[in-house]
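Protein chains in written order, with the numbering used here: chain B, 1 to 453; chain P, 1 to 453; chain C, 1 to 114; chain H, 1 to 114.
Check each hint, because a few of them may be wrong.
Okay, the calculated bits of chain B under chain C, using three or more residues with CB under 8 Å as the criterion [unchecked claim]:
1. 55-62
2. 221-227
3. 244-250
Non-contacting residues of chain P with respect to chain C, defined by C-beta distances greater than 10 Å in every case (computed) [said to hold, decoys possible]:
4. Ile6
5. Ile178
6. Glu324
In short, the hints are calculated from the structure, not lab data. Idealized CB from N, CA, C, for every residue including glycine.
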Amino acid sequence: MQWIYILAACLFIVGLKMLGSAATARKGNLISAIGMLLAIVATLLDREIISYTWIGGGLLLGGVIGAVIAYRVKMTAMPEMVALLNGSGGLASLLVGWGEYHMHPVVPVFTAVAIYLAVLIGGITTTGSLLAYGKLSEKISGKPTVFANQQIVNGLLVVLALLFGIIFSAHPESNYIIFILAVVLSLVLGLLAVLPIGGADMPVVISLLNSYSGLAAAAAGFVISNNVLIVAGSLVGASGLILTQIMCKAMNRSLTNVLFSGFGSATTAGSGGESATGEVKSLTPEDAYFVLEAARSVVIVPGYGMAVAQAQHVVKELGTLLEENGADVKYAIHPVAGRMPGHMNVLLAEADVDYDQLVEMDSINPLMPSMDVAIVIGANDVVNPAARENEGSPSYGMPVINVDQARTVFILKRSMASGFAGIENPLFFKENSRMIFGDAKKTVQAMVNEFKG
Amino acid sequence: MQWIYILAACLFIVGLKMLGSAATARKGNLISAIGMLLAIVATLLDREIISYTWIGGGLLLGGVIGAVIAYRVKMTAMPEMVALLNGSGGLASLLVGWGEYHMHPVVPVFTAVAIYLAVLIGGITTTGSLLAYGKLSEKISGKPTVFANQQIVNGLLVVLALLFGIIFSAHPESNYIIFILAVVLSLVLGLLAVLPIGGADMPVVISLLNSYSGLAAAAAGFVISNNVLIVAGSLVGASGLILTQIMCKAMNRSLTNVLFSGFGSATTAGSGGESATGEVKSLTPEDAYFVLEAARSVVIVPGYGMAVAQAQHVVKELGTLLEENGADVKYAIHPVAGRMPGHMNVLLAEADVDYDQLVEMDSINPLMPSMDVAIVIGANDVVNPAARENEGSPSYGMPVINVDQARTVFILKRSMASGFAGIENPLFFKENSRMIFGDAKKTVQAMVNEFKG
Amino acid sequence: MNFSALLAAVPDSAETATSEHGALFALLIFIFVLAVFLGVELISKVPSQLHTPLMSGSNAISGITVVGAMIAAGAGSNLFGTALGFLAVVFATINVVGGYLVTDRMFGMFKKKD
Amino acid sequence: MNFSALLAAVPDSAETATSEHGALFALLIFIFVLAVFLGVELISKVPSQLHTPLMSGSNAISGITVVGAMIAAGAGSNLFGTALGFLAVVFATINVVGGYLVTDRMFGMFKKKD
Ligand SMILES: NC(=O)c1ccc[n+]([C@@H]2O[C@H](COP(=O)([O-])OP(=O)(O)OC[C@H]3O[C@@H](n4cnc5c(N)ncnc54)[C@H](OP(=O)(O)O)[C@@H]3O)[C@@H](O)[C@H]2O)c1
Ligand SMILES: NC(=O)c1ccc[n+]([C@@H]2O[C@H](COP(=O)([O-])OP(=O)(O)OC[C@H]3O[C@@H](n4cnc5c(N)ncnc54)[C@H](OP(=O)(O)O)[C@@H]3O)[C@@H](O)[C@H]2O)c1
Chain B
1 MQWIYILAAC LFIVGLKMLG SAATARKGNL ISAIGMLLAI VATLLDREII SYTWIGGGLL
61 LGGVIGAVIA YRVKMTAMPE MVALLNGSGG LASLLVGWGE YHMHPVVPVF TAVAIYLAVL
121 IGGITTTGSL LAYGKLSEKI SGKPTVFANQ QIVNGLLVVL ALLFGIIFSA HPESNYIIFI
181 LAVVLSLVLG LLAVLPIGGA DMPVVISLLN SYSGLAAAAA GFVISNNVLI VAGSLVGASG
241 LILTQIMCKA MNRSLTNVLF SGFGSATTAG SGGESATGEV KSLTPEDAYF VLEAARSVVI
301 VPGYGMAVAQ AQHVVKELGT LLEENGADVK YAIHPVAGRM PGHMNVLLAE ADVDYDQLVE
361 MDSINPLMPS MDVAIVIGAN DVVNPAAREN EGSPSYGMPV INVDQARTVF ILKRSMASGF
421 AGIENPLFFK ENSRMIFGDA KKTVQAMVNE FKG
Chain P
1 MQWIYILAAC LFIVGLKMLG SAATARKGNL ISAIGMLLAI VATLLDREII SYTWIGGGLL
61 LGGVIGAVIA YRVKMTAMPE MVALLNGSGG LASLLVGWGE YHMHPVVPVF TAVAIYLAVL
121 IGGITTTGSL LAYGKLSEKI SGKPTVFANQ QIVNGLLVVL ALLFGIIFSA HPESNYIIFI
181 LAVVLSLVLG LLAVLPIGGA DMPVVISLLN SYSGLAAAAA GFVISNNVLI VAGSLVGASG
241 LILTQIMCKA MNRSLTNVLF SGFGSATTAG SGGESATGEV KSLTPEDAYF VLEAARSVVI
301 VPGYGMAVAQ AQHVVKELGT LLEENGADVK YAIHPVAGRM PGHMNVLLAE ADVDYDQLVE
361 MDSINPLMPS MDVAIVIGAN DVVNPAAREN EGSPSYGMPV INVDQARTVF ILKRSMASGF
421 AGIENPLFFK ENSRMIFGDA KKTVQAMVNE FKG
Chain C
1 MNFSALLAAV PDSAETATSE HGALFALLIF IFVLAVFLGV ELISKVPSQL HTPLMSGSNA
61 ISGITVVGAM IAAGAGSNLF GTALGFLAVV FATINVVGGY LVTDRMFGMF KKKD
Chain H
1 MNFSALLAAV PDSAETATSE HGALFALLIF IFVLAVFLGV ELISKVPSQL HTPLMSGSNA
61 ISGITVVGAM IAAGAGSNLF GTALGFLAVV FATINVVGGY LVTDRMFGMF KKKD
């Protein structure tokens, strides 16, 4: 059985490696799922298990719920979905720690520490993920909630958690009350940690919580001395952390800034240094059609607004029409366009856009000056030239897609409002920029209709 | 102490990671050395150790010998040096296995298997490395030694080794004679494995043996249930294997081909399909000077002949003179130029060539058509256009440096002889090629003298 | 022959029962550390377009805690312990099944058209 | 509390003494496997110009067998065993010291000029 566990761990490793490359990713996911199946089967054969009723029932119930939401969820709701699943996993780790403690309260100090960590991290992950889910699905306001002395309160609670941990670990058998308090505390901590973070920063938070849920699983592994839990948990813990880092880097912000700054709250919005001004030239979709009709090379730059407007299908239609009209069409994807890394890729893939047409930022930028038209569809921060030009801008230094270097830029959005980062966008005032106001889906549909005649 | 071992293993990992990038490599080596020191100190504190005399003596003696050869060895003799050190490590693993068995002959079957593996792999590594050393340093003929039924004899010996292993592992306590026979067998196997391999393939062999010495150390780790040995050994085992693969790929040959084909023996030499013919134009160094004097861009392509002639210092002198004369000078390094991966880099670094001037094959090839002069210094196979043009050539498909696309090519070598692979080189007959016969060092010196005087 | 071999490898830990347990723990922590290093290496070169499925795929792996949940649910201890275990199994399974399926769905869309 | 905890994690291995030992072995083999994966990941992206020093540097690491050698040499068993251990220490130390020093020498040359 030990060997099955080892095999399962190897499958996780291989699967995770394969997830890292587009060509092998799907197979990698399958391999990792097989590893999970093996681990479950191996556990079923465990001699310690004397009753299968509850296990079977739990597997069945959980499996059905999991399958239903997996098939029901819309592709645009992926971030929320991952948040929910993540919370599930964290809660499970909490419950495992609790269950083990409830059944075997007399344990050596190492095990007690592991139990405490599994519960603490699991609890934080649970409520943190739930709150992130709420903010992302806009069931709760996405605005960061900041109150006076927030940092101090949080700091005190963390100290308390540490204290409880020490007391509990020293004498786990006589501290059930402390344990329950710690459970509650962990749940409160999860809420407080995510409260001050803006809705749009949730992907980073989710990735971090993903890392936590891995660590909680690893802690549970220490509780029951099971190395497949330890390995799988720490793999996820490490990979979540690295992903978080990569995302922060792509936004040119530090993790601390994401977690504690209340970025995106009303106070910081609009603090874009010198205000961009100038004449704004707007266009109707019908006028835009004449330009597009003549264009030989078009680059489409989607952003969060495309997700909001659910415009991916009609965008793909426009792309196809442009191609049939003889233009070379590319989709330029910024690493943090949308609200989730790879958000745009998922949407465009859903709309059946050819994978080969998607170009990463670094590959498209050198080609930009040779592009006839750049169509910015609901993107804002990721095409903001201030990040390149204006040292005073909060996003200065963040790499962006240089649409302003294309011959003509169409910007499809509903208003002159700023994007997630709350920074004004001088792009709108550039000589070669044309705003096409309105909901992205409607605007693109109008263009498509023009093409179709 | 366990914790010190874990720390040591982490240092090895971090060190190895840092060895992978030029900027951090030296520090990485230091970190890994600190890990080793920690492991040694932790072992000294081991309660099982009751006498320090022999340990101290051994450390001192080995340390002095190691330091002396490390400081004495010439940079050009690196491959031999690594072979020797490798043999040392393999022998040590063999002795550890033997010593443990001698002191505790009654062990469970797992431990017996580990002992057997440590001895077998250690023994193969020992004599294999020694023979590789002999071939590289030309104390023994580098020619592959092939005799009738060689494969069959080797196959039988491997079966025998397996048989011994089974008998020994089943009852280690009553099979000392089998054990001794296995020791002898492993030493014989090491010799036989390396005999049929040509001297120039030795780097691949050494890398493979390096991997073996790691595995032997890991096996010794299983014998004494010590996880720092297991981790360090398997890290080296894996990295050696990967390096071997990378090298084989760069030569466009399979590992099996390297190990068993007797490549480079008289029989395969010169089997280059259609023979290249045409007019050979030769030049004196003095004539070459006039061309070089006028050149704006020069690429120097060193090969094994530069190592043989020890011409690196004078080559660097020529490069500096060319630069002072206003030319842009680059050194193009083929991954398998010389007889050791990175061989040319080490030599040029020794001669103090600026690291930034070294260009890898993939970067220089696109620039080649814009180069005024390519100076090929003792390279042959790595600039052979047959690998690109002639499907019948044994080296067809191997990536080469396309010097023939430069405006003028100077080829510095002593004769029309073929290089290591024994393939004729159509480059010598090309329109834009000029041979400059003679020892590379003398030829380059003559050019330098022209420039100076 | 029992676990004294493990102790032979960690000779300073034979004094008390706790420190014996500590030796096992050291091995487990070692495994933890190795896996962390491995995780970092595996992920650090993934292109950004794969980040969302990578997140949900690795999230599914963290559902491995289902193994611990099953042991707790099946240990046949008192009612409360079993209830905790049962709930843990449910939530962990949601994580596992939901995670793998949704990741697969995403990759299904990524597939290159022919 | 002793190593029964380890056995709890591998419940099928409590029958015979040998299979108890097998559980420890499984842990060690697991460590081995993880390290192999890690080694592959660490090395597979190294540029070719670093291969020679990488070879000698990793070769020095394989001298870790010196730990086993020291234990054998210091165990104070009979003369022959000690002699084997002593020789092992000598050879392993040559590997370690020679390997690290020569690698450092190479890197010393690689240093960028200022
Ligand atoms: N991808 C990630 O992983 C991630 C994670 C965390 C944070 N972020 C942040 O999110 C931002 C992403 O940049 P982005 O350029 O994609 O988005 P953005 O800067 O948030 O801008 C989106 C724009 O879309 C427009 N819009 C909204 N609904 C629309 C509709 N129905 N039709 C047309 N336009 C609509 C909005 O303007 P109107 O209101 O005028 O229409 C808005 O300016 C970056 O700041 C990034 O740092 C990304
Ligand atoms: N780097 C590695 O890791 C590695 C490992 C294994 C095998 N190999 C193999 O080694 C070969 C390396 O290619 P290469 O182009 O560097 O070398 P090469 O093909 O072996 O050619 C070296 C040339 O240098 C000339 N030469 C020898 N001594 C000389 C001297 N004193 N002065 C001037 N010229 C001299 C020789 O010609 P003359 O006799 O006419 O002077 C010979 O043709 C490849 O086939 C590769 O596959 C490399």
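(request) Confirm or reject the statement that Glu324(P) sits farther than 10 Å, beta carbon to beta carbon, from all of chain C. (result) holds (42 Å)
(request) Check whether three or more residues of the segment 221-227 of chain B sit with their beta carbon closer than 8 Å to a beta carbon of chain C. (result) Answer holds; 7 residues pass the 8 Å Cβ test.
(message) Over 10 Å from every CB of chain C: does Ile178(P) meet that, or does the non-interface label fail?
(response) holds (22 Å)
(message) When I compare C-beta atoms, does the segment 55-62 of chain B have three or more residues closer than 8 Å to chain C?
(response) holds (count 6)
(message) Taking 8 Å as the Cβ threshold, is the statement that the segment 244-250 of chain B is covered by chain C upheld or broken by the three-residue rule?
(response) holds (count 3)
(request) Compute the least Cβ-Cβ separation between Ile6(P) and chain C, then decide whether it is above 10 Å. (result) violated (5 Å)
Violated hint for the displayed structure: number 4, the only one.
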